[in-house]
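Trainee: Residue numbers (this note's numbering), protein chains in the order written: chain A, 1 to 193; chain B, 1 to 590.
These are calculated hints, taken from the structure and not from any lab test. Heads up, a few of these hints could be off.
[To be verified] Listed below are the simulated SDA-like cross-link pairs for lysine to any residue, each with C-alpha atoms no more than 25 Å apart in a straight line:
(1) K133/A with R222/B
(2) K213/B with G16/A
(3) K452/B with R46/A
(4) K281/B with D59/A
(5) K226/B with T67/A
(6) K457/B with E3/A
(7) K457/B with R46/A
(8) K452/B with V119/A
(9) K226/B with E11/A
(10) K226/B with G120/A
(11) K452/B with T67/A
(12) K452/B with G39/A
(13) K457/B with L123/A
(14) K452/B with P90/A
(15) K226/B with V119/A
(16) K457/B with D579/B
(17) K452/B with T107/A
(18) K457/B with L2/A
(19) K133/A with K213/B
(20) K281/B with G54/A
(21) K281/B with R46/A
(22) K452/B with S43/A
(23) K457/B with D57/A
(24) K452/B with K281/B
(25) K457/B with E47/A
(26) K226/B with M1/A
(27) K133/A with K226/B
(28) K226/B with A131/A
(29) K213/B with G39/A
(30) K226/B with K142/A
(31) K226/B with L123/A
(32) K452/B with G148/A
(33) K226/B with L2/A
(34) K226/B with G54/A
(35) K133/A with R223/B
(36) K452/B with K133/A
(37) K226/B with R10/A
(38) K213/B with E47/A
(39) K452/B with E3/A
(40) K507/B with D57/A
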Amino acid sequence: MLEQFSFFGRELFLQGVNSSHSGNMSVRVGDRIFITRRGSMLSHLREGDLVETGMHDDDCHITLASTEIKIHRAIYRETSALAVVHAHPPCAIALSLLEDEIHPVDTEGIYYFKAVPVVGADLTVGSDEVAEKLPPLLQNYKIVMVRGHGSFAVGQMLEEAFQWTSSLEASCRALLFYRLLSPQARREGESRW
Amino acid sequence: MDGWMGRMLEVDLEKGSFRERELDPELLTRWLGGRGLGVKLLYDRALGVEPLHPSNPLIFAVGPLTGTPVPTAGRFSLVSRSPLTGTVFDCNSGGRWGVGLKRCGLDVLLVTGRSPEPVYLEVSEAGARLHPADDLWGRTVSEVMTRLGAAHPGAGVAAIGPAGENGCLLASIMNDGSRALGRGGLGAVMGSKNLKAVVVQGRSRVSVSRPGKLSFVLGESRRWIKGNPVTAVGLPRFGTAVLVNLMNELGVFPSNNFQHSRFPGAESISGEVLEERHLEKRRACWGCPIGCGRVTRAGGLRGEGPEYETLWSLGAQCGVDDLEKVVLANYLCNDLGLDTISAGSVIGCCMELSERGLVEGGPRFGDADAVLGLLEDMALGRGLGRELARGSRRFAEARGAVEYAMQVKGLELPAYDPRGLQGQGLSFATSNRGGCHLRAYLVGPEVLGIPKMVDRKSTTDKPGLTIFAQNLNAGVDSLVLCRFLQFALSDEYFARMLEAVTGIPYKAMDLHRIGERIWNLERLYNLRCGMDPAEDTLPPRLLREPVAEGPAAGRVVLLREMLPLYYRARGWDERGIPDPRKLAALGLPE
Numbered sequence: 001m002l003e004q005f006s007f008f009g010r011e012l013f014l015q016g017v018n019s020s021h022s023g024n025m026s027v028r029v030g031d032r033i034f035i036t037r038r039g040s041m042l043s044h045l046r047e048g049d050l051v052e053t054g055m056h057d058d059d060c061h062i063t064l065a066s067t068e069i070k071i072h073r074a075i076y077r078e079t080s081a082l083a084v085v086h087a088h089p090p091c092a093i094a095l096s097l098l099e100d101e102i103h104p105v106d107t108e109g110i111y112y113f114k115a116v117p118v119v120g121a122d123l124t125v126g127s128d129e130v131a132e133k134l135p136p137l138l139q140n141y142k143i144v145m146v147r148g149h150g151s152f153a154v155g156q157m158l159e160e161a162f163q164w165t166s167s168l169e170a171s172c173r174a175l176l177f178y179r180l181l182s183p184q185a186r187r188e189g190e191s192r193w
Numbered sequence: 001m002d003g004w005m006g007r008m009l010e011v012d013l014e015k016g017s018f019r020e021r022e023l024d025p026e027l028l029t030r031w032l033g034g035r036g037l038g039v040k041l042l043y044d045r046a047l048g049v050e051p052l053h054p055s056n057p058l059i060f061a062v063g064p065l066t067g068t069p070v071p072t073a074g075r076f077s078l079v080s081r082s083p084l085t086g087t088v089f090d091c092n093s094g095g096r097w098g099v100g101l102k103r104c105g106l107d108v109l110l111v112t113g114r115s116p117e118p119v120y121l122e123v124s125e126a127g128a129r130l131h132p133a134d135d136l137w138g139r140t141v142s143e144v145m146t147r148l149g150a151a152h153p154g155a156g157v158a159a160i161g162p163a164g165e166n167g168c169l170l171a172s173i174m175n176d177g178s179r180a181l182g183r184g185g186l187g188a189v190m191g192s193k194n195l196k197a198v199v200v201q202g203r204s205r206v207s208v209s210r211p212g213k214l215s216f217v218l219g220e221s222r223r224w225i226k227g228n229p230v231t232a233v234g235l236p237r238f239g240t241a242v243l244v245n246l247m248n249e250l251g252v253f254p255s256n257n258f259q260h261s262r263f264p265g266a267e268s269i270s271g272e273v274l275e276e277r278h279l280e281k282r283r284a285c286w287g288c289p290i291g292c293g294r295v296t297r298a299g300g301l302r303g304e305g306p307e308y309e310t311l312w313s314l315g316a317q318c319g320v321d322d323l324e325k326v327v328l329a330n331y332l333c334n335d336l337g338l339d340t341i342s343a344g345s346v347i348g349c350c351m352e353l354s355e356r357g358l359v360e361g362g363p364r365f366g367d368a369d370a371v372l373g374l375l376e377d378m379a380l381g382r383g384l385g386r387e388l389a390r391g392s393r394r395f396a397e398a399r400g401a402v403e404y405a406m407q408v409k410g411l412e413l414p415a416y417d418p419r420g421l422q423g424q425g426l427s428f429a430t431s432n433r434g435g436c437h438l439r440a441y442l443v444g445p446e447v448l449g450i451p452k453m454v455d456r457k458s459t460t461d462k463p464g465l466t467i468f469a470q471n472l473n474a475g476v477d478s479l480v481l482c483r484f485l486q487f488a489l490s491d492e493y494f495a496r497m498l499e500a501v502t503g504i505p506y507k508a509m510d511l512h513r514i515g516e517r518i519w520n521l522e523r524l525y526n527l528r529c530g531m532d533p534a535e536d537t538l539p540p541r542l543l544r545e546p547v548a549e550g551p552a553a554g555r556v557v558l559l560r561e562m563l564p565l566y567y568r569a570r571g572w573d574e575r576g577i578p579d580p581r582k583l584a585a586l587g588l589p590e
C-alpha cells in the first residue's frame, strides 16, 4: 500500500499541485482508514508515513494522522468513496478565491466536471464546518474546492481521485490562460466576478 | 505592572514570621516568573545550601499569564534544590492552585526554615497564617485534601503525604487532589520543614494590558488547538496514555529496567484499554481546553490517572501488564505522595538486581503485588523500601551495581528508550535537573512530527534542536504554561500572548533568549554546587548495549557524537563550562 501512496504522492508534487509537505491522501478499507501522516512529504513517503486508524473510532494513531482526518472521515461516512486526495492546486485555488463554481472551458474539463463547486469556511483546515459542507457536495461531484485552501477529490481508488485533481488543475490553468489571452473573456469574467 | 502582581511573600517557618516584598520590575521582565524567577531567586539566596537544610527555600512561583484567559494558565512552579539529584530543580503543576496563589496578589511564595512542630500554611489576600498540623501529620494526601478542603472551602491545597514526612527522596507534593509536583523529591524538602500543606485562596484580579489584542490571539489559538489532532482528539480522548501503543510500535517503550525496548504487554496497559475499562470521565486543569486528565475507577476505588509515564513506570518498567493493578498503584502513589516515575523505576531496578542475585529475596519482574507493597514500604521507610526510597542511583551503588540504575544525575529516566530516539538521548544527558523528558521534549519532532518529523535515528540535527527546545521550554515554563500547548502553538503565539498581557513588546526570540539565560543560570548553579560536568551522560546500558530487537534494533545512543557539538553550540568549553563571554552576553555573573 505504501508503494501506491508513494507513487501518487510523488506525481502530485511533480505536477505542481502540492508543495513539499502539503496535501494528504487516504483510502478506506472497511472500517479502517489508511491516511498519510501529518506533515509528511507526499513525494517521499517512507515507512511510518502511512497511518492506520479507525473509520469511526479514534485510537492512538490519531495523534499522527493528517490534520484533515476529520474531513476524510466525513467524506467516507456520507459517500461511497474509497479514496480521497487532498491537494493544493495553485490555479484552482486562485480561481476559487473569485468564483462560487468553477466552469472549465477546455473540452476535457467540460466533459469531466461541467462545474466544480467552491465552498468557503471560517477555518479551512481540519474544521467541522468543512467536514459538514463537503460530503453532500461530493455525493454529486467528483471534486470540490475549499476556497483559498485546496481540492478534495474522491474515487474508488487513489488513481481515480488523483486523476480528478490533476485534471482540475489542468482545466483551471487553461481557463486562466484563456482569460489572460482574451480581453473579451476577461471582461466577461470581471463582470461576472 | 500588567500581568504581574509585583509582590513576594517570604515565610520563615522557624521564626513563624512573614515578610512581604515588592518585586523589582526588571527582575520580572528578565525572568518572567515560574521556573525562571524561581531559579534566579534560588541562585541569589541559597547557592550551595544543602537540600534538606532549613535554609533551602521552597519557591512557589506563578507567571505573568497565570490567572488570565490564556489556555492552561492555571499552572505554577516550585523551585528548590533537589535532595534526590543535588541539582537545581523545578516542577510545575496544573490544577487551580497556581491561580489561587496569584489571586492572593502574589507572584512568589518563598518558604524557608523548619517549624518546631508540624504546621500548614494558609495564604490569602489578607496575609498568611500558620496553623498546627499535628492531626494532619501521618495522614494520606486524600485525607488532608478532604480535611483542609472542608476547613477552607474553595481554596487550593498543596500537600505532602507520608512519603514527604518520612524523608523519602522520591516524595512528591500533590495539589488539587491528584495533580503532582512529582519529581526530584521536593516533597521531602517540604517534609523536612515540618510543613504539611499550603492553602491558598484569593480574589485579586490579574490586569491585562491589551484585552482586545489578547482576545484576538486567543481566538486564533483556540482554532489551532481545536484543529490539531493531538490536542483536539488524541490527548482529550486517551490522555497521555495515547503514547503507549505508539512508543511500543516504534521500539522505544522500555521494559524490565530498559533491558528491552518493547513490552509484550503494552497493549493491555494502553490508552485504548484504559479508556475502555477504567475511564469514568475526562478532567481538565483550570483554563485548559485540552483536558488530558483522567478520572478512573479500579478495584472499587476512584481516582485520577494514570498518565503515560505512570503506565510505563508501574507497568512495563516492572514487567507488569495487569492494568488494574497499575491503576491501583497509581492511586497509592498519589495518596502516599510519591513520584510515580521514580518510584516505579527504582522498583524495576531492584527487580533486575534481584534477578541478578544482588538483592536477596527481592521482587521479580511481573510481580504486581510486590510493586504495591514496595510503594507503601518506600513511603513509610520500612524494610527494603527504606533503601529504595533513596532513589535508584544510591540503591544500586550500595549494591555495587550502579550501572543498572537507569538515571541521569540521580533522576530516574522516564518512559522513552533513547536508543531509538537520539535527540531524546542527548536531552536526557544534558538536562539540568537530571533524567527528565520535559526539558527538551523531543517527543514532538521525533515521534509526533511536531512541528515537523525529524529522523529519530539521526544525530546530525539533534544538538541544535535540543538547545532550541531546551531554551524555548525554559521560557514557556516561566510563563507558566503546559507543555502540551506547544503541540498546537508556536513560540510566536506565546510571545503575542505575553505582549498582550504585559504590554511589553516581547517577540519569540525574547522567549528563547530568556530561556537561554535560565538554562545557563541553572548550569552555573549546578557547577557551583559541585556537579561534575561528566554527569552529562547516560547509563552505560544505553551507550553500550544495542537494542536486541524491533525497529530500534542494533542501536545505542551516539552521545559521543552529539555532546561536543552541543557544548560548542551552547557557547560552553569542551568540558561543558559556560564561556565568560556567553555569560556576559546573557547578563549572568561570571
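Trainee: Within 25 Å, alpha carbon to alpha carbon, are K452/B and V119/A?
Mentor: violated (29 Å)
Trainee: For the pair we were handed, K226/B and G54/A, check the Cα-Cα distance against 25 Å.
Mentor: Judged against 25 Å, a Cα distance of about 20 Å means the pair holds.
Trainee: Given the hint that K213/B pairs with G39/A, test it: the Cα-Cα distance must not exceed 25 Å.
Mentor: At roughly 30 Å apart (the allowed maximum being 25 Å), G39/A and K213/B break the hint.
Trainee: For a C-alpha distance cap of 25 Å, please report whether K457/B and D57/A respect it.
Mentor: violated (31 Å)
Trainee: CA of K457/B to CA of L2/A, is that 25 Å or under?
Mentor: holds (21 Å)
Trainee: Regarding the pair K452/B and S43/A, is the alpha-carbon distance no greater than 25 Å?
Mentor: holds (16 Å)
Trainee: Are the Cα positions of K226/B and T67/A separated by 25 Å at most?
Mentor: Roughly 10 Å separates the two Cα atoms, so the pair holds.
Trainee: Is the straight-line distance between the alpha-carbon of K452/B and that of G39/A 25 Å or less?
Mentor: Holds - the C-alpha atoms of G39/A and K452/B are around 6 Å apart, at most 25 Å.
Trainee: Would you check the hint for K213/B and E47/A, treating anything up to 25 Å between C-alpha atoms as holding?
Mentor: violated (43 Å)
Trainee: Taking 25 Å as the top limit, are the C-alpha atoms of K226/B and L2/A close enough?
Mentor: Cα-Cα ~29 Å, so violated.
Trainee: Starting from K133/A, check that the Cα of K226/B is at most 25 Å away, please.
Mentor: With a Cα-Cα distance of about 18 Å, the restraint between K133/A and K226/B holds, given a limit of 25 Å.
Trainee: Would the pair K452/B and T107/A pass a check requiring their Cα atoms to be no farther apart than 25 Å?
Mentor: violated (41 Å)
Of the hints listed earlier, those the structure fails to meet are numbers 2, 8, 9, 13, 16, 17, 19, 21, 23, 24, 26, 29, 30, 33, 36, 37, 38, 40, in rising order.
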